[in-house]
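Undergrad: Here is how the chains run, residue by residue.
Protein chains: 2
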Amino acid sequence: MANQKNENRNKNGEDGGLRAQVSPVVVRRLPRYHRYLGELLREGIYRISSAELSKMMEVNASQIRQDLNCFGGFGQQGYGYNVKFLYGKIGEVLGTEDGFRAVIVGAGNLGRALAASHMFERRGIERIAMFDSNPAIIGKTVSDLPVLDVSELEAFCAREKPEIAVLTVPKEAAYDVSVRLAEAGVRGIWNFANMELKLDEYPDLYILNVHLGDSLMVLSYGIRSRMK
Amino acid sequence: MANQKNENRNKNGEDGGLRAQVSPVVVRRLPRYHRYLGELLREGIYRISSAELSKMMEVNASQIRQDLNCFGGFGQQGYGYNVKFLYGKIGEVLGTEDGFRAVIVGAGNLGRALAASHMFERRGIERIAMFDSNPAIIGKTVSDLPVLDVSELEAFCAREKPEIAVLTVPKEAAYDVSVRLAEAGVRGIWNFANMELKLDEYPDLYILNVHLGDSLMVLSYGIRSRMK
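The listed protein sequences correspond, in order, to chains A and B. Numbering-wise, the working numbering comes out as the position in the first sequence, counting from 1, plus 428. Numbering-wise, the working numbering comes out as the position in the second sequence, counting from 1, plus 428.
Hints are not guaranteed to be accurate.
For identical chains, the list gives no copy identity; a pair is met inside one copy or between any two copies.
[Stated by the list, open to error] Calculated lysine-lysine pairs in the DSSO-like style (CA-CA distance at most 30 angstroms, straight line):
| no. | residue 1 | residue 2 |
| --- | --- | --- |
| 1 | K483 | K589 |
| 2 | K568 | K599 |
| 3 | K512 | K599 |
| 4 | K512 | K483 |
| 5 | K626 | K512 |
| 6 | K483 | K599 |
| 7 | K483 | K626 |
Worth flagging that the hints you see were computed from the coordinates, not collected in a lab.
Can you build the whole structure from these sequences, using the hints too?
TA: Listed below in structure tokens is the structure:
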């Protein structure tokens, strides 16, 4: 397993050129392109014009051409994009080819909901275990994942070296668990604990704080706007 | 209740001027300001300079002044922002004063996790009921909410007139349930069903599709970037 991962790392090094060409603004839009292209593949559609993609995604066609140009000479008149190639290239930039593995810390309702989702495997990420502190669920299996005692976190991470931790513990526990994860070598934390997590002491750790409440406010604003 | 709501609507009409002054780009940033200001209030902090807010939010101070200028003559040298006033004004724009009420359709793990969250009440939204089709949980109470039979959706909405529906049903059921909600007069759908929901037949309905997988890709990209 370790060898396989190293090979992936080497391969990534080689496409550093492609990544360097993609601007940060475009990168933020890539997950959505990746998702739509994945849908097309599942529907058996292998070519699509920028006009069709534009209609489907509700983004104007010139924006699409501009965003996707750096991935190669695609989208010529009358040819359209090669969906599979583009999906693969965008995935490489986003890291779906890196073989990242994830643990979910917190086996409550949200942890279980995330564990049951297909989004990890669809994006090349393998879920390998859940952790909790509740003796009533430790040792059980949730969505094919073993629920381990959170006291085993360090030993598990030393052995399995997961890159990603999904954090669904209560707010109060989030900081301590995060420091333990960082010390144990985890590279990224997807934080659902509903608090702004910052660990400046670990500059190599990438933290993504999810704020569903912000999304709820966008909904509320959208409703309010249409009521005028 | 109905009267109270109408009063809110009228009040909203009067502050149309403020809303009109806020550009769409700034609106997208408002939920985050609202969240930070709410945190400050909970900590008992009633004044903050743009420099302090800048440090806390990791946004540059001139951006903050530019974003918040339209809310009135605040942020003068040596005075700082009036946290409570600003929090209230931003909330008004976002719709927290509108007394919106929400139902959660789907009482699985994700529905339960959302039902248990404080984010609704913190943003002025009242959760009033959950719906499910599973006889084993219909009639139970989850986070103080009754779980009702989804067959009662239309009758309930006709009576209680919730503006918001949180959709956590399986992908396959999402479209049908959404049409029923739209027909029943719901104004906004917060869609967690992991599919792109579009109901062009209901132009007054605001749909916000949540794609956690896109967020996972941002995490993956962030980790990958720091590994170089």
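Undergrad: Checking an output row: K512 and K483, CA cutoff 30 angstroms. Within, between, both or neither?
TA: within (19 angstroms within a copy, 43 angstroms between copies)
Undergrad: Between K626 and K512, at a C-alpha cutoff of 30 angstroms, which is it: within one copy, between copies, both, or neither?
TA: Intra 37 angstroms, inter 25 angstroms, cutoff 30 angstroms: inter-copy only.
Undergrad: How would you classify K512 and K599 at a CA-CA limit of 30 angstroms: within, between, both, or neither?
TA: between (41 angstroms within a copy, 24 angstroms between copies)
Undergrad: What label fits K483 with K589 when the C-alpha limit is 30 angstroms: within, between, both, or neither?
TA: Cα proximity of K483 and K589: none, with 42 angstroms in one copy and 34 angstroms across.
Undergrad: State whether the alpha carbon distance between K483 and K626 is at most 30 angstroms within one copy, between copies, both, or neither.
TA: For K483 and K626, the Cα distance is within 30 angstroms only across copies (13 angstroms; inside one copy 39 angstroms).
Undergrad: Under a CA distance limit of 30 angstroms, which applies to K568 and K599: within one copy, between copies, both, or neither?
TA: both (24 angstroms within a copy, 27 angstroms between copies)
Undergrad: Cα distance capped at 30 angstroms. Does K483 pair with K599 within a copy, between copies, both, or neither?
TA: between (41 angstroms within a copy, 22 angstroms between copies)
In summary, the one numbered hint that this structure violates is 1.
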